[in-house]
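S.K.: Sequence:
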Amino acid sequence: MTEAITQIRAKGLQTAVLSNNFYLPNQKSFLPLDRKQFDVIVESCMEGICKPDPRIYKLCLERLGLQPSESIFLDDLGPNLKEAARLGIHTIKVNDPETAVKELEALLGFTLRVGVPNTRPVKKTMEIPKDSLQKYLKDLLGIQTTGPLELLQFDHGQSNPTYYIRLANRDLVLRKKPPGTLLPSAHAIEREFRIMKALANAGVPVPNVLDLCEDSSVIGTPFYVMEYCPGLIYKDPSLPGLEPSHRRAIYTAMNTVLCKIHSVDLQAVGLEDYGKQGDYIPRQVRTWVKQYRASETSTIPAMERLIEWLPLHLPRQQRTTVVHGDFRLDNLVFHPEEPEVLAVLDWELSTLGDPLADVAYSCLAHYLPSSFPVLRGINDCDLTQLGIPAAEEYFRMYCLQMGLPPTENWNFYMAFSFFRVAAILQGVYKRSLTGQASSTYAEQTGKLTEFVSNLAWDFAVKEGFRVFKEMPFTNPLTRSYHTWARPQSQWCPTGSRSYSSVPEASPAHTSRGGLVISPESLSPPVRELYHRLKHFMEQRVYPAEPELQSHQASAARWSPSPLIEDLKEKAKAEGLWNLFLPLEADPEKKYGAGLTNMEYAHLCELMGTSLYAPEVCNCSAPDTGNMELLVRYGTEAQKARWLIPLLEGKARSCFAMTEPQVASSDATNIEASIREEDSFYVINGHKWWITGILDPRCQLCVFMGKTDPHALRHRQQSVLLVPMDTPGIKIIRPLTVYGLEDAPGGHGEVRFEHVRVPKENMVLGPGRGFEIAQGRLGPGRIHHCMRLIGFSERALALMKARVKSRVAFGKPLVEQGTVLADIAQSRVEIEQARLLVLRAAHLMDLAGNKAAALDIAMIKMVAPSMASRVIDRAIQVPQGSPGRWLLWAIKSRLSFLGLSETRADQGPPPSTLCLPGLWSSRPEQ
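The sequence shown begins at 397 in this note's numbering and counts up one residue at a time.
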């Protein structure tokens, strides 16, 4: 950026800095910059205003004497940029300084960089002896100069360190083996030299190689020298600053040169012995398994699964060609102005093999996020808007140029490609531990290996589904599940009702995607939202739990914690707010995030790992169900009065249905009365286990009662919106489980005595209560199940952490067979329940809530009983105080949801008591 500022000022343009800074104890402002670089400096501590206040931008423009349209503002924070853009200022977001400079160059129309692109001073651990190198080069090139040798290091070399050399008037590139003990067959620079020399004669664009030096005494390791090829290397695959048509042309040129490599006549260029013929993928799998094992530093579950899976699903190789082995955009040098490849770099992994491995590898960026530090991706970018072909189109383009039919097992090739990347990253990480790796990101690659291996396993799973779908269909034997109870249900050809078949999707749902079982397989925007939520949980929610727990146990527990309100504002600012409303209920995304039930399932599970996160993100029951009820059935006036405050988090609500005298899980048993009187309805009734009614923020009670006891059984009930400040609402007591009250909302017992409510507060009309309750139940039930998966994951994590630190009978609990068996059983049950919940959510998206009723019924039985068992196992492991409190709080919450037999005056039940009827409204259910 300093270099860019120098070039900008040299062109006669002005520069300014807007700093949100502060005063030091000596009353001087803190601004660690060379102030001479700027014509105007605006410091927030001196002006009393800071970004993104529009006044600070206007002040800066006034001092520069410019209009907003005449200025460009660079910043790394979205809110600051948004406000500047609102004023008419051109903006550039700085995620990466180099990319930002490229965007700035595009706007200004002149270059801001001097010297050799993508180079930096040589790292201390990667230095090479200049004197002996200079002597070698003089002999090689016949140079008699006495001038100094200029040496820089390219910053994108991951494996073989690569250097820029300037000697006299010659620009050269040197690639060498890294120092130290190396993995077998890796870093074969001799092969790089051979293939580039051969391919140059076949019309493949490669650098002009000059000499191979295998004498390690010159610079410490073997190396080769080639001519420097000036041009552009696009390290960002989204190609910022280019027009969509130019981006497409770049990817087309990349595809074309790959076809050219795969079309080389091996015999004509003398490469028929460059590698073994046939069985390329099996050999590669064995090679990379061996490389990974040699650099393994810890056990990575996904890598273990892939090592077992890959050899069992090998494709049949159709052709043998030269394969580059690391073919991707940032290994190509492009013409500065034309979409033309001038040189293909980094041939270290080249051999003879299956060309489809190269095609898949060149699409890695399509499946990686833009934040991935080693191989920046475009999975979270809008490719259509950018003009970049999608992976599928890129593959079709290749097949068309090569005259080949598209392969069916594309997912295998992607799984294998990501497995290779994971093995490479692990090797880089192992070398970074000894200072041998050349990349800036080398030390970060330990965590990246696991991330990439999980991506590889996702593709393996997709390939498994493809094979499964292509298997010949056989009609399975099906069991009847109460077919007498549902004569309207679909039936199998055998006459038994299928409890697992997916009904035909309506036209409105035909565009839905497939079942997504991993967050990493979500669409780019949703995956970004998931990772943003995960980061928020880790940085904000989990650290706040001890203070929130203390508040819930204090005398002030019936007042909302100020910390919760603060976290709500932070969640809202980060866009983690009102995520629950399904797309079908809010297709215009007027009120929510526009997620499908299946997409929200992954986020809801994540929120479920903390008792407080759902409320923090305004995604907690019963508010979610009540808000969805208002969206689906409320009038515009009802939405304005109740929905908007709930969506904004300014109010809370409750749902009054359950009654102590009847089994009110059957809504037709409700006895509370709603009687019409003049322009009001008068309510009388006794309710209990009313979640949230004790919260001082609770402003709305959604009340269910009978308006006409003589009507048809399912037309007797109605739903009213009752303001909580209406006279006649008498809260009797909070109900407890395991001694916990779940403050401040609690679960109350309440009487409604002659409560008068205006007629306009009726929802949908008299007699529609049962219909409303059923419409509200489906999403509410699946939300509870999603959260329970998260509860269970948290309980298992606490259990696993604890058994590592406790010792019994002379060894850690983690080494006790029964403990390991309990952990394994919990893991299996969580995975099973998650799949069933995701399937139910997917079916709701495909065919609607009514068609998914049976699946919802199954998960409401499976999820709470699973969670109860997992939590019980965790409780059996002696926990520290925080863990013990959290487990009992989760267990208590589960019992509240299950509404078990416990009453506040009966004392706590045994630890195993938690009925599986999660949404049963009475104990006998």
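Don't take every hint at face value.
Straight-line distance between alpha carbons at most 30 Å, and here's what the computed BS3-like set of lysine-lysine pairs gives [said to hold, decoys possible]:
(1) K826 x K966
(2) K1126 x K478
(3) K1200 x K1155
(4) K1126 x K1035
The following label-pair restraints were derived from C-beta to C-beta distances [stated by the list, open to error]:
(5) L483 x P983: 32 to 42 Å
(6) P493 x R928: 14 to 24 Å
(7) F426 x V512: 51 to 61 Å
(8) P801 x P475: 26 to 36 Å
(9) R792 x E668: 46 to 56 Å
(10) C625 x Q540: 23 to 33 Å
(11) H642 x P475: 23 to 33 Å
(12) D567 x P475: 43 to 53 Å
(13) P464 x E1032: 18 to 28 Å
(14) D675 x P732: 41 to 51 Å
These aren't lab readings, by the way, just hints derived from the structure by calculation. Even glycine gets a Cβ: it sits at the ideal position worked out from N, Cα and C.
S.K.: With reference to the structure, classify each hint as holding or not holding.
M.R.: Verification of the hints:
At most 30 Å may separate the alpha-carbon atoms for a hinted pair to count; K826 and K966 exceed this at roughly 39 Å. A distance of roughly 49 Å separates the Cα atoms of K1126 and K478; the hinted pair therefore is violated under the 30 Å criterion. Proximity of K1200 to K1155 is assessed by CA-CA distance (about 61 Å); at most 30 Å being required, the pair is judged violated. Straight-line distance between C-alpha atoms of K1126 and K1035 comes to about 26 Å, which keeps the hinted pair within the 30 Å bound.
A beta carbon spacing of about 33 Å between L483 and P983 agrees with the range 32 to 42 Å that was offered as a hint. The beta-carbon spacing between P493 and R928, approximately 23 Å, falls within the hinted interval of 14 to 24 Å. Restraint check, F426 to V512: a C-beta distance of roughly 35 Å breaks the suggested window 51 to 61 Å. Take P801 and P475: their Cβ atoms lie about 51 Å apart, and the range 26 to 36 Å is violated.
Taking the beta carbon of each, R792 and E668 are about 30 Å apart, not inside 46 to 56 Å as hinted. A hinted range of 23 to 33 Å for the beta carbons of C625 and Q540 is consistent with their spacing of about 26 Å. Separation of H642 from P475 is about 31 Å and conforms to the stated range, judged on CB atoms against 23 to 33 Å. Between D567 and P475 the C-beta distance comes to about 45 Å, which sits within the given range of 43 to 53 Å.
Separated by about 38 Å at the C-beta atoms, P464 and E1032 break the suggested range of 18 to 28 Å. For D675 paired with P732, a C-beta distance near 42 Å keeps the hint of 41 to 51 Å intact.
The structure shown violates the earlier hints numbered 1, 2, 3, 7, 8, 9 and 13.
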